[in-house]
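> Let the sequences and hints guide you as you build the complete structure.
Top to bottom, those sequences are chains A and B. Read in order, the letters of the first sequence correspond to residues 129 to 554 in the working numbering. Read in order, the letters of the second sequence correspond to residues 129 to 554 in the working numbering.
It cannot be assumed that every hint is accurate.
Copies of one chain are not kept apart here, so a pair can be met inside one copy or by any two copies together.
Straight-line C-alpha distance at most 25 Å; calculated SDA-like pairs for lysine to any residue [claimed, not checked]:
#1 Lys474 / Lys552
#2 Lys176 / Asp508
#3 Lys367 / Gln179
#4 Lys552 / Thr442
Keep in mind the hints are simulated off the structure, nothing from the lab. None of these values were measured; they are calculated from a predicted model.
There are 2 protein chains.
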Amino acid sequence: MIRLETKYTKRIITDNILKSIYQPRINRIVRRLKRKSAVGVEMTGWIKYVQNYDKKELKDMLRVAREWKKKQVKKVIVIGIGGSYLGIKAGMNMLRSDFNNKGIQVFFAHNMNNNYLLELLNSVGREQFGIIVISKSGTTLEPAIAFNLFYKRLIRNVGRAKANQLVVTVTDKVKGNFAKASKEYGWAKFIIPSNIGGRYSALTPAGMFLFILLGFNYRAIIKGAKDASKHLINPDLDKNDAFRYACYRNYFRTFHRYAIENFVVYDPGLSMISEVWKQLFGESEGKDHKALYPSTSLFTTDLHSMGQYLQEGTRNFFETTLYIKRPLRDVRLSMISDNLKYLNGKKLSYINEIAMLSTVHAHYEDGKTKNLIIYVDKQDAYHFGYLYMWLCFAAMASAYLLRLNPFDQPGVEVYKQRIANILKNK
Amino acid sequence: MIRLETKYTKRIITDNILKSIYQPRINRIVRRLKRKSAVGVEMTGWIKYVQNYDKKELKDMLRVAREWKKKQVKKVIVIGIGGSYLGIKAGMNMLRSDFNNKGIQVFFAHNMNNNYLLELLNSVGREQFGIIVISKSGTTLEPAIAFNLFYKRLIRNVGRAKANQLVVTVTDKVKGNFAKASKEYGWAKFIIPSNIGGRYSALTPAGMFLFILLGFNYRAIIKGAKDASKHLINPDLDKNDAFRYACYRNYFRTFHRYAIENFVVYDPGLSMISEVWKQLFGESEGKDHKALYPSTSLFTTDLHSMGQYLQEGTRNFFETTLYIKRPLRDVRLSMISDNLKYLNGKKLSYINEIAMLSTVHAHYEDGKTKNLIIYVDKQDAYHFGYLYMWLCFAAMASAYLLRLNPFDQPGVEVYKQRIANILKNK
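Quick look at the structure:
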């Protein structure tokens, strides 16, 4: 399903040496998880969640999706931020396209910027639309503000009674404003369990309701995630590439003092997977003045902006490329221009793969930059579920290797507290 | 117009100390530019270009834009990559919105990924559309492939004769495929002068034709750029914040060994300005194993993914925030939920400004991270022109301070050569 290629690191490290350093540490981490003595183990609900997906919740989501279909909802505003945004859009973009204007149009309100929200609000006009508001805590400022704007507009457009049928909240079982209001106004409500943190929650109803609404094969997503959750708890580094990836990252940081990891994809449809990666690692590990700085690139686009730096700039980073072998769509080229005839008959995906391999070689051979490649077999629902869990397992192990709690984020409160102090005192 | 706020760096450096270190070096750089003895000075055409904008070129652009309007072109595909993409989309996004579905819809083909290009191709359907293909060299693989796909589709949709009236090329005066083909097929053609490199070219016809087509105030863009080009050649660090910014960057890297600069905006409509910043600095400076690693963040969105790291992760970066004071759109809030009543009557832009200042304080006071703020007065055409030039001047000075040529990019050829070798030999 997913394979980690490590041959472009051989100049400094091999799998065998890696194993001799890290296997005992990984064994210890898994042992502690199983004994429930690992730090933060109370927040590992995401592992079991996909093994036994809540049937009632699924049935309810399918029912509400059917109702929206019957109502011919053609436009949906998804309101959420952080873990209530990134993984959801990542799944959507990996499995369909932003240009896909058949079916349902989906827009994300993922901040509280005035220009952005007001333009988005203008664009919905006087039509009916659906609102999915996702907020685990129910107290975050951004979704609260965005929801207020869009809910009012929806009431103006279709009246209060109908508006309340077009709101879905995904939130904590009891805590927070949205849980309370959904009771009061009769909004459909789905639950993010309290033992799953935001960045590990994309396969809960947080993402799943949208996936069902868009007609994705949700069973395959869950199956992929379930398979991953069984495979990837295995401590054996020969059999668990998610943990092996975590060890390579740790090795580069600890023994080679790299400061940055650049995570690369070659498809704009995978850019949000990069953002999921960034949150999972940045937020799980960015504590105690530790960890690699997570940076992301979309190639070949960014080779024409960051390519020079990556080839010849400061040598303090390594790269990890995510590459999916069987693409969504493909075409054989037939070029008009004479001096491009050498491309004729070649598949466009093949040219992208050559671009990927050429770049890895150029960076490794000529630029002396270590490169890891995460190969995913196929761009489909099953592999999205598997890949998301793969990244979650890798981030968890990576944080444990730094002796950090992979599931908290104490630093995020600092600026939030300062905002609240100012706004509430004026 | 644009002001650099430096008070959130005072713990380690003040303007006076900075000046005592850098004023002589900046004097020398400007002297060499004026004497034409600076490295790469032959590629500083972008400075004079906006001072004396080519009237014939402008007239031609206005004429073609009128013709497209008469033909009721509602959809435009802009094909280009790197400097032929980033600054153009940055201008568009700063001055209007991706959701703006009145008027003309614009899509960018900025890579050669099969999924992306084929989905974009599907989305144009059987309608007429305009193609703007921008390629200074005329030999880059990505625009060549994308153009081939869209040009053929356009011919299928509207026939060859009409298709040729719906293609605009922006390229070198004589070099490359597009210059040649435009003669053969009668496409409208505009020129990127040979003394302006890709990343410094957004205000040439590369970007200007689209800006005119979208009805932007192109005179104001040019006026802003012209004013900037006159103000920002001044070596006096008390009067030139672009150069002062370059000196701060250099100081952080050289005297404090920071590895990374994180460039922050608070509006999705400014994300592409961040990409322009990334290319200008990454490509101008990423040579000779030198320079700060350029990273970008969109807040408040990314505070919910990178916020933890930036607050408490490894302390090897500083931050620069770009903030525009007078926004495009604004609204006063009136919240439904009782516990958010403290927001009532407040402007949304004000809440964003508080979020920005709170974050800077949280990062500086609590996180010990130095912060620079680039304040821009207003989100309008004049300030887009001024800001783009401001960033160009800063990048040029920054590269000169590292004793590098700000205008070449030798490393970009390495992977390109490898791709060509493989594809041409199969």
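> Run every hint past the structure and note whether it holds.
The hints, checked one at a time:
Taking identical chains as interchangeable, the C-alpha atoms of Lys474 and Lys552 lie at most 25 Å apart only when they sit on different chains, with a minimum of 11 Å there against 62 Å within one chain. In the homo-oligomer, the alpha carbons of Lys176 and Asp508 lie at most 25 Å apart inside one protomer (22 Å), although the nearest pairing across protomers, at 52 Å, exceeds that limit. Taking the shortest alpha-carbon separations for Lys367 and Gln179, only the intra-copy value of 20 Å comes in at or below 25 Å, while the best inter-copy value is 63 Å. In the homo-oligomer, the alpha carbons of Lys552 and Thr442 never lie at most 25 Å apart, since the shortest distance is 45 Å inside one protomer and 32 Å across protomers.
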